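Undergrad: With the hints as extra help, turn the sequences into a complete structure.
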Amino acid sequence: MSAPLTECLLRTIDEHYSLQDYQSDISPRWCTGCGDNGILTAVQRLCRDEQLPPEKTVFVSGIGCSSRLPHYMNAYGFHGLHGRALPVAEGIKMRRPDLHVFVSTGDGDCCSIGAAHWIHAIRYNMNMTVLLHDNQVYGLTKKQASPTSPRGLKSNTTPSGTWLDPINPLTTSLGVANVSFIAQAVDWIPELLYDIIEQAYRHKGFSLVRILQRCPEFLPTLFDPWVRNPASTRLLVHEDGIQLSAALSKTYRNQEVHDPGNIHRAREVSSLTEEIPVGILYRDDDVPCYEDLREGERPNTPGLVRTVLDEEFDKFTIWPEEQPTDAAN
Amino acid sequence: MEIIPAEIQPPARSIAGASGNRIRLASERVTNGGDGADLVIAFNEQVLLSRVRANELNQDCIILLEDKWRTDQDADIAAAYATVCDELTASGYRLHEVPMEEECLKLVPDPRRGKNMFALGMLCSIYSMDLELAREQVRFTFRKKDEKITLRNIELLEAGWNWAKANLDIKFTIPASRPREPQIVVNGNTALALGVVASGMEVCAMYPITPATSASHYLSEIFEKVGCVVHQAEDEIAACAFAVGASYAGKCALTITSGPGLSLKQEVIGLAVMSEIPLVVIDVQRGGPSTGQPTKVEQGDLFAAMFGGHGDAPKIVMAASTIEDCFYSVITARKIAETFNMVVVVLTDASLATAQQPFPRPHFSEQWLAPPVDQSAIASGARPYDWDPKTGLATRFIPGQPNGMHCLTGLAHDRDSHVAYDPDINQEGIRHRGLKLAAFQKTLKAPALFGGEEGDLLLVGWGSTKGAIEEAVTRLREEGQAVSAMHFKFLQPMASGIEDVLHRFKKVMTIENNWCDQFDDGLIDGENRRYTALAMLLRSRFLVDVDCWGEVRGQPIKPGTIATVARDAMNGMR
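Chains B and Z are the protein sequences, given in the same order. The first sequence lines up with residues 1 to 329 when you count with the working numbering. The second sequence lines up with residues 1 to 574 when you count with the working numbering.
It is worth saying that the hints were derived from the structure and are not from the lab. Note that the structure is a prediction, hence the values are computed from the model and not measured. Warning: the hint list may mix true and false statements.
[What the hints assert, rightly or not] Using 25 Å as the maximum straight-line C-alpha spacing, the simulated SDA-like pairs for lysine to any residue come out as follows:
| hint | chain 1 | residue 1 | chain 2 | residue 2 |
| --- | --- | --- | --- | --- |
| 1 | Z | Lys145 | B | Lys56 |
| 2 | Z | Lys507 | Z | Glu478 |
| 3 | B | Lys56 | Z | Asp416 |
[To be verified] In silico contact screen, one side only, chain Z against chain B (beta carbon under 7 Å); selected entries:
| hint | residue |
| --- | --- |
| 4 | Pro175 |
| 5 | Arg180 |
| 6 | Pro182 |
| 7 | Glu202 |
| 8 | Val229 |
| 9 | Ala246 |
| 10 | Ala412 |
Built from N, CA and C at the ideal position, the CB exists for glycine as well.
TA: If you want it as structure tokens, here you go:
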């Protein structure tokens with residue numbers, strides 16, 4: 001009846017996915033030193049550690065440097081339109097809860113051209129992991145200011161510096177109804193980047209991780225003050241959030257015990273300008289997912305379609321009158 | 001057919017605020033809204049004026065007009081009423097002032113609720129209808145309400161019947177032809193929604209827009225019963241992207257919209273074309289450009305449907321010509337979309353959306369439905385865009401299929417779905433996506449001719465004008481004119497054999513509800529004239545001197561108007 005033990009063992013070994021199983025045959029074309037490389041590594045590690053079957057995993061993206069990520073994953077990828085990754089991902093998840101859905105988007109993709117979708121995606125709270133690669137500049141179109149660029153940033157479209165304060169993706173997200181998971185990571189602390197993405201993946205609902213990443217080509221020094229001074233990074237630690245290794249704890253002494261259930265403190269911490277908070281800002285496991293709310297009671301089957309159509313046709317049908325003359329003849 | 005004002009609560013007694021229904025009765029099958037009205041019931045003289053000014057009434061039309069305004073306390077209103085009555089009588093209309101309000105007040109405290117039943121009673125009497133049948137319909141309509149409400153409405157119905165019998169010397173008898181097969185009576189938007197259910201599509205993503213939305217209203221009522229979803233997205237773009245996502249993940253999905261929404265969706269439609277994701281887009285056309293005339297009919301989106309996006313993006317465009325066709329078009333569209341991995345745009349319009357017309361009750365077939373989502377393993381070595389050199393077709397890989405992993409992209413890509421900037425690869429991709437259109441075209445038959453196989457004049461149309469054009473042709477042929485009609489279901493691609501048909505007539509002319517320049521405008525000549533959309537397509541494809549006639553009055557084109565246009569055209573030939 002049962003398969004021989006060796007066969008079972010072989011199968012187990014066979015189905016164990018290694019890091020290479022998530023690497024596509026295209027090697028990343030991001031610039032040397034680009035933060036996207038670190039994000040890709042963290043995501044591949046996560047897939048390996050969670051043993052996600054590549055055929056059941058979908059990476060969706062928009063347009064921009066960030067959005068090249070699906071090409072470098074050995075999984076299903078959907079590299080679509082500028083700003084529209086989220087509605088595409090929602091459509092994928094809607095009828096396919098069995099698929100693991102990840103979204104890679106950038107500060108221009110998410111917070112500018114796709115801003116409407118970003119706000120509503122938080123509200124739908126569909127179960128997916130969204131990585132907001134925020135380098136605070138448009139890279140692929142060659143250095144224009146983005147909505148998250150710091151005020152005064154000189155770029156090709158703002159040669160004398162930007163005039164406006166940036167959008168804060170964290171506080172904005174934390175203001176939207178049904179928000180269920182908001183976190184922030186930085187590319188220069190890969191250990192935490194991984195931990196945070198892992199928690200985002202494990203959260204059931206819409207998990208948004210804003211990742212501050214360096215653009216070595218156009219803004220090579222933008223994050224230097226934070227990279228060089230660990231004290232300016234505030235690590236948010238909690239038993240329900242991130243826990244630090246001894247080594248990390250020693251380097252980054254600016255720590256705050258922050259309960260991810262506390263949305264008010266999350267908003268305060270998100271508003272910090274001098275310091276960069278890193279960790280899980282907010283998590284609520286009880287927010288229902290849209291795909292669950294909209295799940296049909298019965299599966300769509302030919303029999304059901306026939307029954308419902310007939311019921312509906314009955315409402316609109318004029319039946320021919322009895323024609324007794326025919327019968328009499 | 002419904003007459004719908006743009007506002008939810010238009011100001012009372014305003015010319016622009018007319019709302020109502022047009023009913024055409026005949027002993028034979030009615031295929032269109034017909035010409036001017038022979039009889040009209042109006043609750044005030046101002047809304048009636050809008051119909052008069054729009055030439056919607058026949059010259060000797062009978063008018064039954066609410067008379068309470070004659071004695072209105074507001075002297076201006078009373079005077080306006082008297083003036084209009086005089087004008088109507090002087091114009092030759094047969095005006096009857098009816099104390100509808102007064103009669104209804106005998107039965108109900110608020111005649112605004114119930115005057116319609118009184119009017120229905122009058123109509124039943126005038127058209128010699130079976131009053132018991134009307135009672136039955138009233139009972140059915142109010143079946144979920146209190147018994148008292150049903151009784152009150154029947155009293156009002158009977159009051160109208162009795163009043164007309166006692167006071168009006170107008171009587172028509174239009175014998176009904178009883179169908180032998182069960183018929184269903186729905187409007188075009190309801191038919192679309194039923195078609196969606198019957199097509200096996202499981203996701204409809206939409207954003208509210210007139211006049212498409214009522215299809216989604218009805219679909220929202222019934223779609224969950226078959227385990228499916230109407231998703232109201234945050235905008236038109238998201239609706240289309242959501243449908244593309246759902247379709248990519250397995251079963252073909254649809255988005256339904258109207259002109260402005262179609263404009264917004266174009267970029268996503270282009271993505272679906274580029275990445276070969278099946279998608280059904282329904283466009284219930286309205287007057288354009290811009291916000292245009294949201295509640296009025298127009299056939300102005302043909303080019304937007306065919307060529308709306310940037311770049312070379314071949315897609316299939318079809319148009320429903322009847323209410324029944326609205327139902328079956330959706331089923332057909334889904335099937336084509338999934339067979340060819342293409343975008344299929346189905347065009348209907350505001351006229352089909354709200355008009356009702358009986359058609360044979362469909363017999364459900366499992367063939368209508370989509371097969372289950374394929375989750376079998378992809379053969380090793382298979383490529384996601386392995387275009388067949390002859391047909392351009394490639395087998396789609398669906399997430400969940402082992403060995404099918406690839407990154408779909410809106411960038412130019414090779415057979416492995418790898419981004420490619422190689423000149424040959426871009427050329428190859430565009431060629432194969434276009435070839436699919438030709439492969440599909442080979443399955444089409446030229447539309448059948450209505451009338452004769454050759455003759456003096458061929459009228460060509462598409463969409464909701466079919467009934468009116470064919471009625472005009474019937475009238476003209478009865479006059480002995482050699483006129484025929486050809487009606488297109490598929491606009492892109494067009495079937496083979498059409499050119500041959502065009503050459504069999506001395507003159508070919510399209511009749512469309514979209515704009516064309518007329519030579520009586522001084523600046524217009526042969527070198528700058530803009531043609532209606534279909535005429536332009538036929539001219540460019542077949543190099544035949546196709547003429548055209550179009551109007552954009554926001555009204556369905558009348559058979560009488562078409563007959564006049566055709567007569568003029570033939571006079572011009574002699």
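Undergrad: Please go over all the hints and tell whether each is borne out by the structure.
TA: Hints and how they fare:
| no. | hint | verdict |
| --- | --- | --- |
| 1 | Z:Lys145 with B:Lys56 | violated (51 Å) |
| 2 | Z:Lys507 with Z:Glu478 | holds (19 Å) |
| 3 | B:Lys56 with Z:Asp416 | holds (19 Å) |
| 4 | Pro175 | violated (13 Å) |
| 5 | Arg180 | holds (5 Å) |
| 6 | Pro182 | holds (5 Å) |
| 7 | Glu202 | holds (6 Å) |
| 8 | Val229 | holds (5 Å) |
| 9 | Ala246 | holds (4 Å) |
| 10 | Ala412 | violated (12 Å) |
Hints 1, 4, 10, counting from the list given before, are not met by this structure.
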